[in-house]
Amino acid sequence: MPTSTECQSSLMSSDNLPGPAHDLVGVNTDHITGIVTKAKDELLLMATVGYPLWISSSSSNNSIHPETLNYGEYLRVFQRGGPAPYFRYEASRHSATIHLNPTTIVHILMDVSQWLPVFCSMVTNAKTFEVLSRGKEESYKKQKQVMSAEFLVATPNVPTREVQFIRYSHQQLDGILIVVDVSVDELQSIPRPSVRSICRRRPSGCLIRDLQNGYSFVTCMENIDVRKKENDLHAKFKHFVESGFAFGAQRLMSTLQRQAERFLYSMGINTLPGDTVITAQGRRSLATMANTMMVNFCNDICNSTHDHWSTSNKTIGRPMEVKTNKRRGDHGKPPGLNLTIGCTVLHLSHHT
1463 MPTSTECQSS LMSSDNLPGP AHDLVGVNTD HITGIVTKAK DELLLMATVG
1513 YPLWISSSSS NNSIHPETLN YGEYLRVFQR GGPAPYFRYE ASRHSATIHL
1563 NPTTIVHILM DVSQWLPVFC SMVTNAKTFE VLSRGKEESY KKQKQVMSAE
1613 FLVATPNVPT REVQFIRYSH QQLDGILIVV DVSVDELQSI PRPSVRSICR
1663 RRPSGCLIRD LQNGYSFVTC MENIDVRKKE NDLHAKFKHF VESGFAFGAQ
1713 RLMSTLQRQA ERFLYSMGIN TLPGDTVITA QGRRSLATMA NTMMVNFCND
1763 ICNSTHDHWS TSNKTIGRPM EVKTNKRRGD HGKPPGLNLT IGCTVLHLSH
1813 HT
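Sequential numbering of the sequence shown, starting at 1463, is according to our numbering.
Please note: incorrect hints may appear among the correct ones.
[Claimed, not checked] Taking lysine-lysine and the BS3-like style, the derived pairs with C-alpha atoms no more than 30 Å apart in a straight line are:
#1 Lys1698 x Lys1604
#2 Lys1502 x Lys1589
#3 Lys1500 x Lys1603
#4 Lys1604 x Lys1700
#5 Lys1589 x Lys1603
#6 Lys1604 x Lys1690
#7 Lys1589 x Lys1604
#8 Lys1698 x Lys1500
#9 Lys1500 x Lys1589
[What the hints assert, rightly or not] Derived CB-CB ranges, DEER-like:
#10 Asn1800 x Arg1542: 40 to 46 Å
#11 Val1539 x Phe1679: 21 to 27 Å
#12 Leu1537 x Ala1588: 29 to 35 Å
#13 Arg1542 x Phe1679: 24 to 30 Å
#14 Met1751 x Thr1717: 16 to 22 Å
#15 Asn1800 x Gly1637: 45 to 51 Å
#16 Leu1635 x Ser1747: 39 to 45 Å
#17 Lys1500 x Leu1635: 17 to 23 Å
#18 Gly1744 x Gly1534: 52 to 58 Å
#19 Pro1797 x Phe1591: 27 to 33 Å
In short, the hints are calculated from the structure, not lab data. For each residue, glycine too, the CB sits at the ideal point set by N, CA and C.
Can you build the whole structure from these sequences, using the hints too?
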């Protein structure tokens, strides 16, 4: 049976590395280096300090909202301006132990062909525009790349958030690996797609510590400014989104944990008692099929900038969201017209 380390190396083939680095016209490389270095230092501090920058929740829901950013303290410490008019901030931090080694996690985050399927319930339409500097020794350490993505919630009632950002990987002297994102709104030479929910990504990302034996301790921090667009946000999801939980760090960490478990199961490392799928190939096929189903479902049901949903009240007495699109036969789906219908029903007591 393969070991955890051997299995994880299958995710890190040099074939998955981006193409040759090439310059962005009109972009000052030193300026970009300064931006990502400052972002890395900010992320490192925000991910490691506690009070008064972060205030622990004393409510019964502290497992859902364990920490709240003291925004006034944040602005004071980092000497930053507050959100622009008509913007609000969302910030969250969460830590967890992940059954993957640090290098594997960095490769997942830096390689868009891995990042998309692993975080298909949170990310869509991701791409790498430019590799500004390549990591050394066929790794992603000290690699800078310009990326774009839409961050999503699997419902047509919450618009995706389209962001362009620099993603930078770095290894500290103490061995901690850092992957940090920061928006690049000021880089006018990068193509800027139209956005419905403008989102600015302040320094956000992950600190990854090696716990040996294939485990990592990961601290994730999300810090964003998002434009207030009340008409675009369904009332049922207003608190869910504005609380920071919908696009927050805890959801990201939970997704990474589940995907690590799926991957290890597919390689025969974590198997359940009474497992009826005997062969290793059978487990891999089952895990691949399950992940493909999840990718297709999330792509179909999310409210992407490329989608056009309409509301119908003529079916079951409550609003239903409907969209149609033409499939080209990719992602394992047959070509033809695809119809997607979504209806949200929240069965909550008045105490919830």
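Enumerated hints in conflict with the structure, sorted upward: 1, 4, 6, 8
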